[in-house]
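Enquirer: My request is simple: use the sequences and hints to build the entire structure.
Listed below are the residues making up each chain.
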Amino acid sequence: MRRTIPLVLTFVVGMYPVFAFFVPHNAISDMNQRLDTYLVIVAAFALPLGVVNLVSMNLNKIKQKKSGWPYSIVLMAGLVVMAYFGVIGVITGRYTGFHPTFELLFEHMVSPLQATMFSLLAFYVASAAYRAFRARNLEATILLIAAIVVMLGRIPFGDMLTGGNMTPLSEWLMDKPNAAAQRGIIIGAALGAASMSIRVILGIETTYLGKGE
Amino acid sequence: MDIQKLLYIDRRIIYLLVAIGALIPIIKPIGLPVVPTDPVQGLFDKLESLSPGDAVIISYDYGPSSEPELNPMSEAILRHCFTRDIRVMIMAIFPLGGVNMAIRQVEKIAGEYPDLVYGDDFVNLGYKEGDRPL
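If you're matching them up, the sequences are chains A and B in order.
The first sequence lines up with residues 1 to 213 when you count with the working numbering.
The second sequence lines up with residues 1 to 134 when you count with the working numbering.
These are computed hints drawn from the structure, not numbers from a lab.
Ideal Cβ placement from N, Cα and C applies to all residues, glycine included.
Each hint should be verified, as a subset may be incorrect.
[Stated by the list, open to error] Here are some, though not all, of the chain A residues that point toward chain B, as calculated from beta-carbon distances under 8 Å:
#  : residue
1  : Ala44
2  : Phe98
3  : Phe106
4  : Gln114
5  : Met117
6  : Phe118
7  : Ala126
8  : Ser127
9  : Arg134
10 : Pro156
11 : Phe157
12 : Asp159
13 : Gly164
14 : Glu171
Expert: Structure below.
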């Protein structure tokens with residue numbers, strides 16, 4: 001029974017959107033839209049789940065004084081302070097919905113820290129690309145040439161060198177060969193997701209139910 | 001000079017070259033040509049084809065990490081809209097700050113156009129939970 005009810009529920013909820021797609025009736029499509037809303041609500045539960053996981057992991061780290069535990073204190077303090085002013089802001093805030101302290105912390109701490117992290121990536125990526133892009137064989141040489149064209153096409157310097165031809169060439173590379181390859185990957189992933197969905201809906205794939213009867 | 005040696009140069013030299021490449025245009029802009037790409041031209045033409053009073057929705061789905069890279073584009077779009085009396089609705093489905101940045105930017109740009117009225121010419125729809133299912 002513990003397995004049968006979730007299996008039946010999965011089958012009904014999984015088949016309903018397929019049914020609704022082929023039956024264009026208001027009552028059917030209304031319920032389908034309602035299911036979409038439920039999906040958003042269920043997806044939102046991932047957030048508190050993440051917070052609970054984060055708090056439990058970091059509290060344990062602080063208790064056991066594991067390596068880097070002071071950073072966990074900073075993380076917990078950040079979580080509590082931002083959440084507090086965030087909630088207060090939503091309750092009492094002006095149209096923006098943010099408490100002034102929340103905005104202050106965001107603008108002067110979160111934003112510069114994130115920008116710094118991302119800026120540092122440029123140096124690491126440049127170093128990694130320098131070592132990775134080597135013309136070892138034909139495929140690697142094509143990759144190297146394509147990368148150089150796309151990089152130069154993204155900056156004005158490339159157009160200055162080629163009299164404005166680098167941007168169109170880079171766009172062609174991105175729009176045609178790159179898009180074709182990406183679509184292939186996406187179609188493959190979509191087929192995989194569809195086949196997995198069918199397995200779940202039909203009750204062939206049951207690992208989401210956990211172990212035991 | 002042995003070409004193989006170039007493959008194993010100290011990473012700090014690469015970092016230094018990247019830093020020099022990034023700093024020179026900031027310290028002394030060298031006025032390189034900017035060629036608009038097809039998507040940019042397409043967006044510009046679309047905004048030009050709208051009439052005053054039409055509304056657009058702009059979703060700020062990026063975080064502070066890519067703010068310096070993407071804000072100039074969204075600022076240009078906002079100015080384009082406000083100059084042509086196109087009404088703007090802002091929102092974000094990216095949880096990490098998209099809507100904060102949107103508000104900051106809209107307040108800044110709307111300040112350049114004193115006649116704009118919140119709720120009439122521009123409005124903040126806020127953060128919308130749901131990501132891809134939304």
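Enquirer: Determine for every hint whether it applies to the structure shown.
Expert: Hints, one by one, checked against the model:
1. Ala44: This interface hint holds because 5 Å falls under the 8 Å limit.
2. Phe98: For phenylalanine 98 of chain A, the interface hint holds, since the closest Cβ of chain B sits about 7 Å away, which is under 8 Å.
3. Phe106: 5 Å, holds
4. Gln114: 4 Å, holds
5. Met117: Holds - the Cβ of methionine 117 of chain A comes within 8 Å of chain B, reaching about 6 Å at its closest.
6. Phe118: 4 Å, holds
7. Ala126: Hint on alanine 126 of chain A: holds, closest Cβ of chain B at ~5 Å, below 8 Å.
8. Ser127: 5 Å, holds
9. Arg134: With a minimum Cβ separation of about 7 Å from chain B (threshold 8 Å), the hint on arginine 134 of chain A holds.
10. Pro156: Nearest chain B Cβ about 3 Å off; hint holds.
11. Phe157: Holds. Min distance 6 Å.
12. Asp159: With a closest approach of 5 Å, the aspartate 159 of chain A hint holds.
13. Gly164: 5 Å, holds
14. Glu171: Holds - the Cβ of glutamate 171 of chain A comes within 8 Å of chain B, reaching about 5 Å at its closest.
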